[in-house]
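Reconstruct the complex from the two isolated chains, following the hints.
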Amino acid sequence: MEAASSVQRLKVRHGKIKIRTFNRSTFVLQLTLSFILLFTIIAPFFLDYSAIDIQTAIFYTLDNLKMMFLQPALNQVTLGAALYQILITLSLAFLSTLIGAVISFFLSIASAKNLMPSYISNIIIAFNSFIRAVPTVLWVLIFAIVAGLGSVAAVLGMTLHTIAYLTKAYSESIEDIDNGMIEALRATGAKWWHIIVHVVLPQTSSYMVSWTFLRFETNYGVAIAMGAAAAAGGIGFELFMASSFYYDLHEVGMITYFALAIALILEFISIWIKNRLIGSR
Amino acid sequence: MNGNLDVVKKKKIQMTLVLLIMLLITVGTSMLTEFSFAQGIASIPGTIVWMATNLIPGAESMENLPKVLAKLWETIVLSVLSTTTAAIAALFFALLGSKTTKVNQPMAIMSRFIASVFRNIPVVAWALVLVISFGHNVVTGYFALFFTTFGFLVRAFIETIDEASIESVEALNATGATYFQMVFRGVIPESLPQMVSWLFFMIDTNIRSATLVGLLTGTGIGYLFDIHYKRLDYETVGLITICIIVVVIAIEFISNKVRRLIL
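Protein chains in written order, with the working numbering: chain P, 1 to 281; chain U, 1001 to 1263.
Incorrect hints may have been included.
[What the hints assert, rightly or not] Anything over 10 Å on all C-beta distances counts as not near chain P; from chain U, calculated:
| # | residue |
| --- | --- |
| 1 | Pro1066 |
| 2 | Ala1108 |
| 3 | Ala1171 |
[To be verified] Below 25 Å or equal to it, Euclidean Cα-Cα: the simulated DSS-like pairs (lysine-lysine) are:
| # | chain 1 | residue 1 | chain 2 | residue 2 |
| --- | --- | --- | --- | --- |
| 4 | P | Lys113 | P | Lys168 |
| 5 | U | Lys1012 | P | Lys274 |
| 6 | U | Lys1099 | P | Lys274 |
| 7 | P | Lys191 | U | Lys1009 |
| 8 | P | Lys274 | P | Lys168 |
| 9 | P | Lys191 | U | Lys1011 |
| 10 | P | Lys113 | P | Lys191 |
| 11 | U | Lys1067 | U | Lys1230 |
| 12 | P | Lys274 | U | Lys1257 |
| 13 | U | Lys1071 | U | Lys1230 |
| 14 | U | Lys1257 | P | Lys168 |
| 15 | U | Lys1012 | P | Lys191 |
| 16 | U | Lys1257 | P | Lys113 |
These are calculated hints, taken from the structure and not from any lab test. Built from N, CA and C at the ideal position, the CB exists for glycine as well.
Just chain U, same shape as in the assembly (with noise of 0.2 Å):
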């Protein structure tokens, strides 16, 4: 009974030490970058006033609306033609790095570790360094999202692999398949409705990514976004804004359809 109590105590006093480290770290951390926690909730009724107001399109902003919709379709193309080039590399690689289809270990493990740098260089950095010698410039874009996208996919399709197809992989190695009858008859089939589902969400981050990349590089929605923002034309923002709103949610409707029918 005793002890019973002591376990009790124990996890309380546990609990509190959490509490009060998460406690310390946010003030020190609200101290470092200035963020008041007053100043963020006072600001939430004027940014929902703003929205209200400007998110519906008035007659002037529908004047850019050809614009935009340019824009917006230069977006789309961009986000899936990167997403589906990036995925074409990325199986090539995910091949070579999961543990069932895996070439020898070195190369698993530096297919692996190239992954993981393209994953992890902030999509950012790419496009800054890039838009230095493309210009403002479509390319631009391509690159920085290709790059990160094939990061991303690389590690989704190593895991699809993996789960998928070890039973398979087996029976097929026992019949005495060869290598690539294991990877085009028993892998790929097996793992491939979970890569189409994979490339829809990519597709939907990747046209985020693009205003972010448009925003800094000068090119698609985002650059468009950017001068009326500036200008402080708020109507045409809100117009852009929801342009995309619409755009991202019909392509996630398209995907959760198509999914439910293939998976």
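Next up, chain P with everything else stripped away, as it sits in the complex (with noise of 0.2 Å):
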């Protein structure tokens, strides 16, 4: 019977019988793809190029490149003032990831929809995009300007996006949890904490340390950009005083490639991790 139904729905047309289908889903989404693909072939005319010679550009450009990656070395800095900074910078990135992670679990736990009121969740939520929506750099100044330029502020700054992504990815895998189990304990009589400490915890442990080991690594980078750009220090620091003072492209080449390094290391540890604690399930 049901066979016969969708068969009546075939539509043949010149003789190939019809694959597509037309719905709501498909009209949106191939509106957004054109609308997307004209926006991209008329931008270009948007932008002001000021008067600059592309091809000498892109010679200069490959120059510098092969400059960079081809022959790096260290001038200005020694290798152990580099292993230094790269520390400071990990550093930056473990303290801000370390504590939005913490300040994350509490609200994560405020935010879950099967543990609190939705109203509490939302205005979260709505805290989250806030944050979010300056970008990091813009609150390292912000802080800067109370705080003074330097490791606090740049601390701060990246602590609010680490909290902002962490609460979402924490409240996401309390949300996952099995309502039954939640539904138990209280049936039980067990407190609020009880059911924080004995089912929440145990339940979503292995995810929290994967997402913050993940934000650790976004963290990283992030620290590498503030050094450059709000003055943090570490490697980022490093960089930018290599390009924009000495010109040295030498330089730069071997702080990127020790930069370079330490990213595949972390996100190596971050794939061992997540395949350790949530493949094994």
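In structure tokens form, the structure reads like this:
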């Protein structure tokens, strides 16, 4: 019966079976895609290129990239100093991830829809999208007005984006918990913190660790940027000095290789943690 | 019974150890970076007061609004353009790198490796190198955003293709479809909604990255923020911040609407 009705719905045109069905979601998808495509084609004409010679610029860039990646060398900073600066960048990332993770844990409990009334969760979600809307570098510079440029402003600014990110990730893993477990504990008359300690923590801790390390990896990249753009110190600042102050592309190349090596190690660890903790379930 | 108790005790010792190590690293890193928790907490009220007084733009800063809007438009165009063009390149590399659609193993590894390198070289490094030859120009920002977006989207697209299309690819292969039929009839239609969703995510991210790149290279909204910040013209700084917030939240709103309709 069902097969017959599905055969009847087939549309045949010019001897071919029409396999695409037209519905609202494909319509919206096609509309979005054609809008994006159209915008991409006309967008280059909106920009002001203020008279640069593209050909020479590309030629110079290739030359610069060759100096950077094929002849890397340390001139102004020593190897020890470079490693020390990388340690500082990692420290900034660690501090903002840790503080952010602790605050996010409490916020995520408050914003999980299966533990709290939905109006509290909506307030926290709105607060988070406000935090996310301001670029990290602007947060750091805003904090620097009061705290002064340096590690305090950098860690505070980076912590805010960490909170916005981790609260969402944590509360989604809390919402995935089997509701029966929470109800069973409630039925026995367990207090609110009993549910947190005996259901929420054991059920979500592996996801939380995995998300937190992923954020640490992201924060490492952000910390490099903050060092360069907001004088937060670390390897990012050395990168800025080497390129904008000394115009030493060999050193820029070497520093980039160091930053890249650490980033690849972090990515590798984060994939390993994810497979180890979550993949085994 | 005794064994059970041992497990609980062991867990407790383990937890205490982990907390202790975390505490030690925290103290160590705060000393290294000269970060003080007290100073951090002390500067929060001042910042909130600053935001309350400066984020509502006054009459004086409104004179700068046309300039801000022009730079903001440039930033939006830049982030959309770099995302879409990077997406086209990323789609090609993702098809080569994905488990289901790869041509051969060496090319798959190669494409994943290239993407990983582009993803992990900080956007700051690209911006600082490109600004030397391209100068204070939109092209600098475009390429810097293009490279990092490309690296990120390859990873995202590979995951999308791997998740979405195993069954339809098997079905198409069973009917004797060619490689291109398999890709264009099976893989792409199935993973397109998720890819568009990633596209929106990346446009959103790139508006924020464009601010950072602008600050470093002297272009766009980031540069405008920087000069008013250095002049201590905090009212205009507040105006720029509000404008960015409005744009990012608007894009998030649109992308949520579209995502709900297509996914």
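Non-conforming hints, listed in increasing numerical order: 12
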